[in-house]
Amino acid sequence: MNAIYENDIDKLTHKVIGCAMKVYSTLGNGFQKNIYIKALAIELDFEGIAFQKELEMPIFYREEQIGTWQLDFFVAESLMIELKCIDKIEDIHRIQAISYLEAYNIADGLLINFGNTNLEFKRVYNKKLIAKENLKYKLD
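Going letter by letter, the sequence shown gives residues 1 to 140 in my numbering.
Hints in this document: simulated from the structure, not taken from any laboratory. Careful, some of the hints might be misleading.
[Unchecked claim] Below, computed lysine to any residue pairings styled on SDA-like, alpha-carbon distance capped at 25 Å: (1) LYS88 - GLU102; (2) LYS88 - GLU54; (3) LYS127 - THR68.
The task is simple: from the sequences and hints, build the whole structure.
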């Protein structure tokens, strides 16, 4: 995976949030997740941001594949994006996203919630990977 350092990842995250805001201002809340995935993909593409959508990722336990998980977006080979359509992002959603980051050795993630009356987003970090690779981040 390509490592993007703090300044670049901040810029990328800002661009992605801008794309999500455009989608939200057009569609509002109330649609199913797949609608927002498609709309955000169109917006990311329009902005020239490289991404993979609905990427199927294997889950391993003791070197045996025990299942898969679908990553909503993997942007610029550096940023995991998980979309939600819920009332509010809770700690359990952040913990789940951090678990995904750790499982796939991704440093940065972004939770975006289209289900609230306002667009909601939270950055998440793989602190284990950041410490291991001695990356310099300002953690929220």
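The hints, checked one at a time:
With a C-alpha separation of about 23 Å, the suggested pair LYS88 and GLU102 falls inside the 25 Å cut-off, and the hint holds. Between LYS88 and GLU54 the CA atoms are separated by roughly 22 Å; this keeps the pair inside 25 Å, and the hint holds. For the proposed pair LYS127 and THR68, the alpha carbon gap of about 23 Å is at most 25 Å, so the pair holds.
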